[in-house]
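Listed below are the residues making up each chain.
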Amino acid sequence: MDNTVLLGVWLAVGLTLFMYSFLYKDNVFFRFGEHVYLGISIGYIIVRVIFNNFINDLYKPLVEDRDYILIIPALMGLALYTRFFTRIAWVSRVIFAFIVGFGAGLGIPRTIAGGIFKQLEGVLMPLAAIKDGFFFNADGNFTLVNINSLIIIVGITSVLVYFFFSVEHKGVVKSVSRVGIYFVMIAFGASFGYTVMGRMSLLIGRCYDLIEFSSPKYYYASIVLLIMLILVFIIYEVVIKKGEVLKTNE
Amino acid sequence: MIKRQLPLLIAFAMGVIFIIQFFIPHQISQDLLTWVNKWLMIIGGISLLLGIYSLLNFHYLQIFRNKPGWGFSLIMFFSFLISVVVGFTPSLINVILPLPESSVQSAEQVKEWYRITGLKDGSSLDWIFRHGITPLSATMFSIIGFFIASAAFRAFRARSLEATLLLLAAVFIMLGQTPLGGMLWSGIPDIMTWILSTPNTAAKRAILFGIAMGSISFSLKIIFGIERAYLGGKN
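Protein sequence lines, in the order shown, are assigned to chains G and Z.
Residue numbering for the first sequence follows the numbering used here, starting at 12 and increasing by one per position.
Residue numbering for the second sequence follows the numbering used here, starting at 8 and increasing by one per position.
Keep in mind that the hints were calculated from the coordinates and are not lab data.
Note that the coordinates shown come from a computational prediction; the quantities given were computed from them, not determined experimentally.
Mixed in with the good hints, there may be bad ones.
[What the hints assert, rightly or not] In silico DSS-like pairs for lysine-lysine, Cα to Cα no more than 27 Å straight-line:
id : chain 1 : residue 1 : chain 2 : residue 2
1  : Z       : Lys211    : G       : Lys129
2  : Z       : Lys74     : G       : Lys258
3  : Z       : Lys45     : Z       : Lys228
4  : G       : Lys181    : Z       : Lys211
5  : G       : Lys129    : Z       : Lys228
6  : Z       : Lys211    : G       : Lys185
7  : Z       : Lys74     : G       : Lys252
8  : Z       : Lys74     : G       : Lys36
9  : Z       : Lys211    : Z       : Lys228
10 : G       : Lys71     : Z       : Lys45
[As the list claims (entries may be wrong)] With the C-beta cut set under 7 Å, the calculated list includes, among others, these residues of chain G facing chain Z:
id : residue
11 : His46
12 : Ile53
13 : Arg104
14 : Ala108
15 : Gly112
16 : Gln130
17 : Phe174
18 : Gly182
19 : Ala198
Glycine included, C-beta positions come from ideal geometry on N, C-alpha and C.
Model the full structure from these sequences, guided by the hints.
Now the structure itself:
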C-alpha cells in the first residue's frame, strides 16, 4: 500500500468521524473538522483561480501570445477595488454597469428562447383526435398520455393563476388557484423526496467508505479512530462531570 | 453628472449589443461573445480575491481580539496555508512520501501541467482534494439529511389536504427510488414516475414561466436605467 494513499485514508476517516460526532452533540472535534474544511476549501479555490484565471486566461496569452488587449480586463478587475476609496468609487460603478449590462442583455433573448418558448413547446402538444366518437392521441392510439397532457395544462394554468396577484383571489380565481396550490404541494413534496434521497446516498457513500477503510488493508483505520474518538468523549465527559460535582460541593 | 450617467449608458449599450448579438449567427458575433466572456472570467477572478480577503480578515480579527473560538480561526488559517503552500509547491507531498511508479512524473512534466491546469491526478493539491475536501463535503451534506428527516417527521403531519399531498408525494418519491418500494408494491415506482412527469412537471413549468418573466422584466429595467440598485451609494 502506497504511503500517501494510507495517510489520505486515515485523514479522510478521521475528518469524517469528527464531522459525524455532531450527531451526538456540538463538540470540539466537529468544529475542528468544520474549520479545516473551510480553510482547505478556500486555499483550493485560490490555487484554482490563480492557475485558471490568472495564469491560463491572463498571464499566458499576455506574455506568450502578446495579446495586450487583456490588460483592459485586468485593469477593470482592479478598478472594482476603487469602491474602497470614496473619491474614485464611481469608477467601480462603471465596471459593475459593464458586467450587469452584459448579463441583462445576454439573459433576455436566451430566457425567452429557453425559459418560455422551449417550455411552451412541451406543453402545446396535440391532446387527442376524435375517431368514432372516442379520444385518441396523435398516433391513433387511446392512451393515458392524453390525460396526462391535459393534467399538465390544468396544472400550469392553475399554478400561474395562483402566482398572479394582480387579481383578487375570490370566486372562480380562488377555486382555480386552490388547484394550483395542490400542484405546487406535490412538486415541493417531490423536491423534498429527491433532496432527502440525495443526502441519504451521500450518507451511504460515507458509510461504505468507512466500512472499506476498516479492513486490515488500511490498518483498521475506521475502527481504531472510532474507538479513540469514543474514548476521548468518555474521558472528556467524566472530567467535565467530575469538575461540575467538585464545583457544586465547593 | 458623468459619474452617474456613464454607468447607465454602459449598461444600456452592453444590454442592447448582447440582445442583438443573439440574433446574428455570424462568426464575428460569436467571437464577440467569447471575447467578453473571457474578459469577465478575468474580472471575476480578480474580484473573487475580495471575498476571500473578507473571510480571512474576519478570522484574523477573531484571533487578534481573542474572541471566543479564536483557536478554530487559527486552525482555519493553518488549513488554508497548507492548501495554498501545497497547491503552489508541486509534488511537495510526493517529496515527503514518494508516489508509486505509475504516477511518478518528471519534474518538467509536472511543471508543464501546473502551468496549464494547476491540478493533476496524483498531485499534492489533488491529494488534498480527494482525501480532505471530498469526504468533508460529502459528510457535511449527509449530516443535513438527518436534520431534514427529523424536521420532516415533525412538520409532515397530514393535517390538511395540502400537507397530505406533500407527504404522499415525498413518500412515493423516496420509496420509488429504493428497491424496498418495488418490493412493497410494484406500482410504487410507476406512481413515482407519474408524479415526476405530470403534476411535478406542471408546477415546475409554471414556476419557470414566472422566473423567466421576472428575470426578463428585471433585465429590461436594468437596461433602461430604471433599476439602479446595483450601482449602490448616493454619489
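(message) For a C-alpha distance cap of 27 Å, please report whether lysine 211 of chain Z and lysine 185 of chain G respect it.
(response) Status holds; Cα separation ~20 Å.
(message) Hinted pair, alpha-carbon criterion (27 Å max): lysine 74 of chain Z, lysine 258 of chain G. Please report holds or violated.
(response) OK: lysine 74 of chain Z and lysine 258 of chain G at ~25 Å, within 27 Å.
(message) With the threshold set at 27 Å, check whether the alpha-carbon distance from lysine 181 of chain G to lysine 211 of chain Z stays at or below it.
(response) 24 Å, holds
(request) Against chain Z, run the beta carbon of glycine 182 of chain G and see if the smallest gap drops under 7 Å. (result) 20 Å, violated
(request) Let me know if the C-beta of glycine 112 of chain G comes in closer than 7 Å to any C-beta of chain Z, holds or violated. (result) Holds: closest Cβ of chain Z sits about 3 Å from glycine 112 of chain G, inside 7 Å.
(request) Against chain Z, run the beta carbon of alanine 198 of chain G and see if the smallest gap drops under 7 Å. (result) 3 Å, holds
(request) For the pair supplied as a hint, lysine 74 of chain Z and lysine 36 of chain G, confirm whether the alpha-carbon distance does not exceed 27 Å. (result) Distance ~22 Å between lysine 74 of chain Z and lysine 36 of chain G Cα, so the pair holds.
(message) Checking hints one by one. Is isoleucine 53 of chain G an interface residue toward chain Z, by the C-beta closer than 7 Å rule?
(response) Holds: closest Cβ of chain Z sits about 5 Å from isoleucine 53 of chain G, inside 7 Å.
(request) Given the hint that lysine 74 of chain Z pairs with lysine 252 of chain G, test it: the Cα-Cα distance must not exceed 27 Å. (result) Between lysine 74 of chain Z and lysine 252 of chain G the Cα gap is close to 26 Å, so the pair holds against 27 Å.
(message) Hint check: lysine 129 of chain G vs lysine 228 of chain Z, CA-CA at most 27 Å. Holds or violated?
(response) Holds, at about 24 Å.
(request) Given the hint that lysine 45 of chain Z pairs with lysine 228 of chain Z, test it: the Cα-Cα distance must not exceed 27 Å. (result) Holds, because 26 Å separates the two Cα atoms, which is no more than 27 Å.
(request) Decide if the proposed pair is consistent with the structure: lysine 211 of chain Z and lysine 228 of chain Z, CA atoms, cutoff 27 Å inclusive. (result) Roughly 26 Å separates the two Cα atoms, so the pair holds.
Consistency with the previously given hints fails for number 18 only.
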